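Undergrad: Listed below are the residues making up each chain.
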Amino acid sequence: MAYAFLLPAVLLLAVFTLVPFVQAIVLSFQQWDGVSTTSPFVGLSNYTFVLHDSVFWSSMRNVLIFGVAGFVLGNALSLGMAIAVNRVRRGKAFFRTAFYLPGVFSVVVIGMMFSWLLAPNAGIVNRLLGGVGLSGLQHNWLEDPGTALPAVAAVFLWYHWGFGFILYLAGLQDVPVELYEAADLDGAGGWAKFRYVTWPDLLPVTAIVSLLTLLGALQVFGTVQVLTNGGPGDHTMVPTLRIYQEAFTNQRFGSAAAMSVIFGGALVLLAMLHLWLSRRRR
Amino acid sequence: MMKGLAGRGGLYGLLVLAAVGALFPMVWLLIGSLQTSSELYRGKDLLPAKPQWSNYVTAWTDGDLGTYLPNSMIYTVSAVAGILVVASLAGYALARIEFRGKAAVTFALLAVMIIPAPASFIAQYKLMVMLGLTNSRVGYVLILISAGIPISALIMRGFFANLPKDLEEAAAIDGSSALNTFARVILPLARPGLIAVAVIQGLAVWNEYLLALVLFDDDKLMPVQRGLMNFVSAETPVQNILLAATAISVLPVVVFYVFAQRQVVQGISSGAVK
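Sequences listed follow chains Y and F, in order.
Going by this note's numbering, the first sequence opens with residue 5, and the numbers climb by one from there.
Going by this note's numbering, the second sequence opens with residue 179, and the numbers climb by one from there.
Everything labelled a hint here was simulated from the structure, so no lab data went into it.
Quantities reported herein were computed from a predicted structural model and do not represent experimental measurements.
Glycine included, every Cβ here is placed at the ideal spot set by N, Cα and C.
Any given hint could be a false lead.
[As the list claims (entries may be wrong)] What the simulated footprint calls covered on chain Y by chain F, stretch by stretch (three residues with Cβ under 8 Å from a Cβ of chain F suffice, anywhere in the stretch; the number is not a length):
1) 15-24
2) 83-94
3) 137-146
4) 196-204
5) 262-273
[As the list claims (entries may be wrong)] So these bits of chain F aren't anywhere near chain Y, every CB distance computed over 10 Å:
6) Leu193
7) Gly199
8) Gln441
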């Protein structure tokens, strides 16, 4: 009986998720142009090719910036704002709604929005800088090799911090009030309360939020593709975009699959490591 | 006391600043979408001298939004319906039926969730080519359903597990079949779970981009995110029209979010904590 209830889910997952996962590994040893019905085996040559693809490896380095930004700045911002909203009496619902609004936009909307905000001449960011006499700080944000990566990472942060914020806020509302009352009796100050009540109680939430934001940041694709398409040069190239281009622009699906295996494997390991660490800490 | 007041003022100041930061880009997009091209490129005015509503008409027709938006509606409604059916069946079995291999199935669902999109989208594309399911509404919906199942099944499992234990027995005494009990007795009680799943999966499907990018090159079948990118790269970009098209594409989501923000927030929390 139970199997009948499970059948549709198992069938769909097997065909559309598990088979492709295994196939990605098989394909990484094959050659395929995206159209032909045959894909001959080519041994390890895709992997040696990827090993020498400097763009792929610099994309791995770039995405670490996204990872660190999401993990450190994003987490801090989400937690800080959740604590702030949790402390006010009026307007909680408004702030919560406003802060998560960016999270319901698509990457395409985000891209359109920020290529307009960051446009070199008419963009509001440069106009504001000019307006307050800081025209020396004006940049062609998305096309200047020095600013493109930080600019895209900042947009990414703006887009995603609301997610962690929602989870932290829910977590904060679950911290038992008695714990704070007890801390008050002991004469604990604001920092002590955070350090000895809030932080330990939030730890499971922190573990899940940091894992999800880290993995999300490392998989960034659409935001980058729409804003810069990896440019200028390859200064904002990220692995998922590189994989996409290798397959659909260069028609080398085999080496794209090899990149998938390397990068996807790293992500899976990272997720497992993180889960293991956060379980051990508890 | 003084310190408390100042602290409170500072707190509100910070929150208002962050709210402006979160809302302003959308407002600025709307302002840009109502300006004339020359106003836009001159970049001197803050507000349009006269709101150019005709930009929206141009965006709608030139951007083919009359094709893309209905497509997105179709994909979202069918994928969410599919996810609800399949995931609640699976979640029910995992929560309330004893069977061999239950732990393994639950673990497999979690493991599947760890498989990241970058690891499989190339092979998914190959699979769809082999099955003849590229440029296919059915193919896109099926793959979206499959992507939504693991998390949704786990959320539903949580909601089913919290229902009283003897519901099935009572229904069985009344002569109700298992499927009938599930549909008539259990499912209505798990409504909050169904709503949470529908809301987050609805947003996820509406905003999906990578698979739509890879699977469609036929304009007539594209969902709005993919279609919008087509518009951006195909025409000589006229910024104000692009902004208007973007605004139209985002309107359904914003309206939905404003009305369902409570459910969205609950959906996110139940999805991540499970």
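Undergrad: Determine for every hint whether it applies to the structure shown.
TA: Hints and how they fare:
| no. | hint | result |
| --- | --- | --- |
| 1 | 15-24 | holds (count 8) |
| 2 | 83-94 | holds (count 5) |
| 3 | 137-146 | violated (count 0) |
| 4 | 196-204 | violated (count 0) |
| 5 | 262-273 | holds (count 7) |
| 6 | Leu193 | violated, 5 Å |
| 7 | Gly199 | violated, 7 Å |
| 8 | Gln441 | holds, 12 Å |
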